[in-house]
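Participant: Go ahead and model the full structure; you've got the sequences and the hints to work with.
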Amino acid sequence: MRYSALQILKQGLTGNKGWTPAWREPEPRTEYDIIIIGGGGHGLATAYYLAKEHGITNVAVLEKGWLGSGNIGRNTTIIRSNYMLPGNEPFYELSMKLWEGLEQDFNYNAMISQRGILNLCHSDPQRDAYARRGNAMLMAGADAVLLDADGVRKLCPDMDFDNARFPIKGGLWQKRGGTVRHDAVAWGYARGADERGVDIIQNCEVTGLQINNGVCTGVDTTRGKISAKKVAVCVAGSSSRVMSMAGMRLPIESHVLQAFVSEGLKPTIPGVVTFGAGHFYISQSDKGGLVFGGDIDGYNTYAQRGNLPTVEDVCEGGMALMPNLGRARLLRMWGGVMDMSMDGTPFIDKTDISGLFFNGGWCYGGFKATPASGWCYAHLLATDQPHETATQLRLDRFKRGRMIDEKGVGAQPNLH
Amino acid sequence: MSQTYRIGRGLVDTNSTIKFAFNDQQYTGHPGDTLSSALLANGIRLVGRSFKYHRPRGIFSAGSEEPNALVELRRGAYQEPNTRATVAELFDGLQARSQNHRGPLGFDFMGVNDLLSPFLSAGFYYKTFMWPKAFWEKLYEPVIRASAGLGSLSGKPDPDSYDKGFLHADVLIVGAGPSGLAAALVAGESGARVILADEDFRPGGRLHAETMLVDDISGEQWVANTLSRLRKMDNVRLMIRTTVYGAFDHGIYGALEKKTDHLASSDGMPRQVLWRIYAKRCIVCAGATERSIAFGNNDRPGIMLAGAVRAYVNRWGVTPGKRVAVFTNNDDGWRTASDLVNQGVEVSAVIDSRDIDAPLSISGASVVMGASVVDTMGRAGIHTIKLSNRQTIKADCLAVSGGWNPNVHLTCHQRGRPEWNESQACFVPGGVLPDGMSVAGAANGALSLSAALSSGIDSASLTLQSLSIKPASVDTPRADDESTRVSAFWHVKESTKRCWIDLQNDVTTKDIVVSHQDGFRAVEHLKRYTTLGMATDQGKTSNVLGLAIMAEHAGKSIQETGTTIFRPPYTPVPMGAFAGRSRGKDFRPTRKTPSHAWAEARGAVFVETGNWLRAQWFPIDGETHWRESVDREVTQTRNSVGICDVSTLGKIDVQGKDAGEFLNRVYANTFATLAVGKVRYGIMLREDGILMDDGTTARLGENHFVMTTTTANAVGVFRHMEFCRQCLWPNLDVQLISATEQWAQFAVAGPNARKLLQKVVDADTPIDNESFPFMACGEISICGGTPGRLFRISFSGELAYEIAVPTRYGNSMMDALIKAGEEFQAVPYGTEALGVMRIEKGHAAGNELNGQTTAANIGLGRMVSKKKDSIGNTLSEREGMNTENDLALVGFMPTNKSVSLSAGAHFVSKGNEANTENDEGWMTSVAYSPSLECSIGLGFIQRGQDRMGDIVIAADPLRGGTTEVEIVSPHFIDPEGERLRG
Amino acid sequence: MANITLQATSPLNKYHQQFGDTTLSEMVDLSIYSIGLAIQPDAALRSINDVLGIAWPETGRYTVNESAKVQLLGLQADQAFLLVGADLSKDARPNLGASAYITDQSDSWAALRLSGSMSRRALERICPVDLHPSVFKQDCVTRTSMEHLAVIILCEADDQYLLLSPTSSAESFLHAVETSIKNIY
Amino acid sequence: MIIHHPLLGPRDAAEFVYLGDASLINRPDASADDAAEQFYEYQYLRDNVAGEMRELWYHEQGDRSWLVVTRNTLTHEISKVELARDVARANGRDR
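Residue numbers (numbering that gives the first Met the number 0), protein chains in the order written: chain A, 0 to 415; chain B, 0 to 981; chain C, 0 to 184; chain D, 0 to 94.
What the hints contain is simulated information worked out from the structure, not anything from laboratory work. Think of the CB as a built atom: it goes at the ideal place given N, C-alpha and C, for glycine as much as any other residue. There could be a bad hint or two in this list.
[Claimed, not checked] Residues from chain B shown here face chain D by an in silico Cβ test under 7 Å; the list is partial:
#	residue
1	686
2	687
3	718
4	721
5	726
6	874
[Stated by the list, open to error] The calculated lysine to aspartate or glutamate pairs, modelled on DMTMM-like cross-linking and capped at a C-alpha distance of 20 Å, are:
#	chain 1	residue 1	chain 2	residue 2
7	A	398	D	32
8	A	174	B	140
9	B	867	B	732
10	B	155	A	149
11	B	865	D	28
12	A	228	A	149
Facilitator: Here's what the structure looks like:
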């Protein structure tokens, strides 16, 4: 069913009784060309682009829970392409361009809101680093503006400009950055993929990988054995667990990132703002909730919940930056498990096992990458060649000494 | 109109009257009132608007679960949005306003949404607003956003302060209702350290809302007696107005204590205190929350939870209506009718969905068994209800009870899942509870008073035994075991009108149908698609109802359907409270250098460097621009002598017989061979071969080194060295201690540095070039016997020393140095001049040591000794870090000397477009060099060392500049190093 | 050499303030040395006993030599702080031979004494460590953090605590403790 | 979280700094023939277990000891806390 204002009118006038399911609930077949493990944003996007861009529709997406139950369902919805290093920036800019046409492409309103992202700086060296980054963005075809303190004040007047412990000296602004209704991204991709023939199989957990003589030929699941020519792992947060079934150790640790939402408030935050002297970023949803977060808790975990020191640290940053938020109440806190990689950069790559592909290591930046991740992974699966913007997102880069370390903190995942 | 609905005294102090305003109308109430009891007393029924359809909303509950009666409390910067009127204590002068309407509350222009509701069903916005594409940004989104949210913030900084604290207990009891009080008695009498916390300002829980007796005295009296016993116990801390909002790992509980919210002014004291409670055990006695039933137009003002109606009548002496009807599926609802009748309020009907004998007789009421309410009339407040048997009944208040949901929230905060109890028709705590937690009373499904009391006693006894504390013997208080029979009933299917589930977010049973049709059937999909349970009450009054109806549609059991995940906080917590004192200037501590007072008196401009405040420059009369000051400081230092407080550099005392060997391993270059009395520059790698830090290390004795680190890395380097010492080489004889705070250290730089120092260093230490050459160090005495240290090291490239004295003398030392230098016109210089001089000299600093660069990148590759193992040595040899195209740190000068360079510009070869493919490096640091009289820069560029003299483009599209620059040696000044050895 | 003498200043200008029966005051003239044990500590432990008349403390405890007015604070398994009640000149530093490594820390720490009935109620606002007398007894000392600052806290007596915090941020620490006292009600 | 420090008793995990897998104690021998491979695996590859994990925590706001904490990454339950120095010695690390 095609969605449109007319359809809504028609259905509304007939008691909303004619809507049909956004996706089928198929039984798994015994064989597919490609199996994608993980029905989160990246897995669904991969399936969608395999079908739409490469005409490969004999595809199953296997999801152990409900579709969209991974980090696509528990993030802070930010999109941006404000990266610095050449291995990263063109990839994230590809993602941004895909976001910009996505809703019309998959006929689903994901409420993409390009109201800008502002990274604040509080010292001269920080500004220098932002200048380096801003230029890298412009050179990759993205947009960036370097603001001084006055420029920041015009954009976002309700911050602490007069009594701050770390005064705001300026910021790097990406106007095309913003937020998206995160669940809708999963749903839109799922609906689009399903429409084109992809089987999305929920409540189907992969319990083993069939690997013989270095070739992966399928998976064992809670709903039986399924064969495939190619198996594409796409389970950020659980990557190590799944890849251990193939006997692989990864340059990844699992960590929890907490996020927070306030009670609904009349509009007060213009776009996305990140604090540069503490761990805090914030935006406001279409419904009025302030959506904010900060640093990961810092210890390895697979539990989707965090602890108080991080909550307090985030709110301290919030109050230091925006003391007008003091009487806004935090309504809900939750956590998502991140694949934290050794250099803060993800992987989209083949593995040493023929037919087994890997997509993961997204750290806390997977959401914004969803379209490009799906696009590039589909490209790799369909052509056996990395997409031109993902040539450096390789698993062997540490062995070769070609890290892509935006933050410069080295092989310590909890610092990225 | 004055409190015409006040029918008794309840527990309010009717002898005293207080004034308050709602929507600028003045009313009166009494101490002990909440805003909602006072509004009801004054006959106010319409108090707000719903989120989506802007439907009229009235008070629905009597507790923190309230979804409807949210107000903006107080005025000006104190304005507090979304405040639940049901828990806001009335104080004199209270001002509140209703939320989420355009135009007056009684006629909200946004009410048009209600008429459009057929087109605004669940998920409608995912299906439209996509064409034309440009309209989203220009039209649709701004309109949607303009109607977002409920209350508004003032936009002004929160004028109140907040505090935090840490408490420790053997037993934390959450909730001071009957089971909590009983548990506290046992635990308290047993001598355990007990914290008893309750969100209400009046402990006692439902005992105040009911008319039941305990030990043959009124519930209220029993509560008072119990509290007085507890208050006499030193080991019991009773915390009222305190909500335990979350259960975190290992027995850590978050609690919010409201200190001044019930007062007109906080008077400078913290408004709220956020406690972190470390409890060995926790007994959750959080009670239960009543739920509604979905029937046609069940959202109108005047429709309330039956238990809430009872609470208003019994606790506050207020009746929510003059003619009340009751709709229930359980025996508890009947008590509302009987309590009302006992208070002389007319009960027009009792409608029970169960086809059983009436459990009570209610005088004057028509009793309709096996029936239900299908519709209601009265837009701004009901007046009539329609029953399934077509009967219509007059009522200005409809009390609804769909049964009670135990407050299992805390038991689920560590992802425990509750279990469905069919006979009680509710979820009870299940699965694995957080370690050390038990549950008692209604929260555990013990819904009758007698069961609650005894489960409190029993639970406390078991808890104490698990702590090896002998439980005191406390008699179980006697109470009636009142009937709590219930028969699950969720949805009046005969209703043709919309039946609300989530009152705030306007989720109706139709939305659940659409959600199911659209394929959103998993409980998490339902929530996300319809927004069910995402309102400010987080579904306390709606979730179970919603998922039960979903289960009906899907033909599944409620247990199979399951719940969404319970997350902290139990009730919302202000961000200000989570931040505590850490805001404004108190966001982080301020570290001051030893000469801070001197610099301040001298008029220095300070800059934040991490937590340090450092003098950035020292303006003098007549200087109007920072560059003037900095140029002067640089020039005077290079021409004569300048002094800079460099105490912020990290200093680590490294002692032990293996200290030299230890340093050999943590530094990439060799230190074991350093002679006593000498200093060496060292570079430290991370294990991945990237530069971690650099600095000088002095050998003061055979077994004694003093390492300096950069200011930024002081803590991290120390931690890393402790890791090496304890985990990698546990048997090396080496001890570490930070000495950063111990020494005030000053760089004395410039051609006259030695002459100046000779005036302060005691004569027994000769410091002529021969006795104290470049890279010498020693312990000396200063100004007549003060112990100190002297290092002949130079960051500026000049003849320079660093002189250290114990911190207590630091401020005086700065003064002494400047006075001693008067004859040389010695200047103090700040971090800016320091930065200029290090760029002129080509020293790498933070902008270059950014965690992405190797020793080779900064031209120090040969310092990585291959004669020994050291941290990072092996991995620094990887292929990707040693390519032909590697970046090299070099100097840059504009070909046009009048042009200023910009840090952050990227280098491309002449003729190439500035794009990612052509990117060859970037400018890391720039400065105006007063010595060279032009802008200079340091930067990384591919093969830089081989490209001296090349002209490249420094592209800075960010600031619209493209500059031609020449690649030069990074050592702009004195490349041979003659000055510093002079 | 010019005729210049250096003046010492204390981190908190000899702060002293009364809050009802509770007193907060800076302790000056306190000498502090870290003593790190060599990898083979036997000789050091003997000489500490001989020279200082004091036993090596367990980590988290301190030992006292009343007559010599010295305390030895067990902060780490192989490192303790020697607190001496009077400013020692350089020559009076304890000499423990080669088996222990001593570093002067006297200028590294600002010392505050908090005593009186509100002490614990004040400290519970900033101190995560359980200070209940049954837990943090009169021979207890520990390093922890309060309001983002490192603090060494030592229980001197009932309702009396010694607090050491780094010199450079001493004013921030004082502000934190003062605020904690004022915020009680 | 609360870490039961072997010398100090229960302490809030907020006083500690987390490093990662306790295998970081086992730094390879740089003179081994396959040192490059060993260091790569040591530095970059992780078991990242879902379950009991031995990990390094540093008591920065405490006694400055490195601890090996055995903690379940699914439940956060801590079953054992040891001084890393003791563990390192037991693993045969020396000078």
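Participant: Could you tell me which of the hints above the structure violates, numbers in ascending order?
Facilitator: Violated: hint 12 alone.
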